[in-house]
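Protein chains in written order, with my numbering: chain A, 210 to 615; chain B, 18 to 146.
Rather than coming from a laboratory, the hints here were simulated on the basis of the structure.
Be aware that one or more of the hints could be misleading.
[What the hints assert, rightly or not] Reference excerpt, derived from the structure (chain A facing chain B, CB under 7 Å, subset only):
| hint | residue |
| --- | --- |
| 1 | E518 |
| 2 | D604 |
| 3 | I605 |
| 4 | T607 |
None of these values were measured; they are calculated from a predicted model.
Idealized CB from N, CA, C, for every residue including glycine.
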Amino acid sequence: MKLPIYLDYQATTPVDPRVLEAMLPYFTSQFGNAASRSHAFGWEAESAIEKAREQIGALIGASAKEIVFTSGSTEGINLALKGVAEMYAEKGKHIITSQAEHKAVLDTCKHLEKRGYEVTYLQPDKTGRVSVDAVAAALRPDTILVALMWANNEVGTLNPVREIGELCHAKGVLFFTDGTQAVGKVPVDVEADHVDLLCVSAHKLYGPKGVGALYVRRKNPRVRLVAQMDGGGHERGMRSGTLNVPGIVGLGKACELARAELVEESKRTTALRDRLERKITAALDFVHLNGNREHRLPNCLNLSFAFVEGESLIMGINKLAVSSGSACTSASLEPSHVLRSMAVGDDLAHSSIRFGVGRFTTDEEVDFAAEQVIAAVKRLRELSPLYEMAQEGIDIKTVNWQASNH
Amino acid sequence: MAYSNKVLDHYNNPRNVGSLDKGAQNVGTGVVGAPECGDVMKLQIQVEGDRIVDAKFKTFGCGSAIASSSLATEWLKGKTIDEAMQIKNTQIVEELALPPVKIHCSVLAEDAIKSAIADYKKKQGAGQP
Ligand SMILES: Cc1ncc(COP(=O)(O)O)c(C=O)c1O
């Protein structure tokens, strides 16, 4: 077993060796520019690109023509939101999203607000889920776009995408979903799920970093976008720039593998995820699951260890690579905006750890991780005045804390 | 985030962890911070004459907060109350090489010292006939 153990598959994933192998020729011998129409190098690159489009389309139920290559989901989100907002401004200027979205969505929405758009930020429920009723209640005659993620990157909660998509289609409002964490992990079918725009990022599904795709529906309805990057008119004018051929080949291969292995892999990661939770909760009390037990990514486990602060816990489990929703791991000193939006309580937000398992995680690693977590939490609780209070029967919520304003 | 060796040392081998009898007349207890802010420090001193003979802490917080309070208990032991009042958060920052985002941990430790001393003094005042 190699240390440290990687349990941060929501942050990024290693490139699958099969993906790397598919990519390699496109760096050296088949290095052509896919836009070169006059020679074999260009044709070769173009055919590789078209194959990747098919592979991505097949995974999400789209046609190859509906795939626009990007540098990743941040770009896909920017293109979808700004592109739709600009294109449909005459129809209306209202957008609906949620407080639990990725910063790429939230900050793009803030940008649009400065440009005169109005954004409704729905509050998810305590499990991080936005209900279709909440969306329905927020719809207005001038709503042009609903932007809600498929799967949350911090807690793994899945939104009721199909219901929301159906609602949007019935009301004639476009529906964008951030599929970064979901594609390749849970079944995605843009037709059955009524999705109009969806972003994918290769590095979350065992492909390389810096490449992704945006699905843009071509019929019922035909979605139009204003390009956010001007230039040679690549990607049907929606995204100029010479295509990253090796990266795109990698994304295509990653999607092909994900499609072939999704069912089996999801079973396997679910078992690993649940094994980790079972071992931890068998040994520790006051452990709280953040997220939705029923509607959750198969490979994500977010737990709060009451009375223990997340960053100190991460120090104590330094043989594991995990993330925390605690303030201290970010520059802002604010706990995770996702946990805040779910109103789990800032104290629990500070105590949260996200464990992400994946294609290369083993039972042995999970067992080791559980042992490390249990030992560190026990040690830190011995150090914790809050644990001491809890054991004396004091409810820490009733204490009048004299917080300093530093 | 990279931690200094001193922070790591205090985190891995915290000094003076535990609790003193908070009901005792010669024990001062300070509890500062709040769970929602991600730091709570409990710091206690036991005083004989005007000298601190023992100090204990428990901290909920990041590694730097644990190290700051651990270091504070080390410094408190053997000091007089007046000397203890002179301990400044900047000395803690320097000793532990805390980065700017962790300065609040040292401030909290200084607050905890002041709060424990205030509690002790209050008890002494209340003890006067
Ligand atoms: C839900 C979600 N959206 C968007 C992104 C941004 O993706 P990318 O790294 O491809 O820009 C991430 C990854 O951090 C994510 O988890």
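For each hint, the structure was consulted:
1. E518: Because about 5 Å separates A/E518 from the closest Cβ in chain B, which is inside the 7 Å limit, the hint holds.
2. D604: 11 Å, violated
3. I605: 6 Å, holds
4. T607: Cβ of A/T607 sits 12 Å from chain B, so the hint is violated.
Violated hints, listed in ascending order, are 2 and 4; each of the other numbered hints is respected by the structure.
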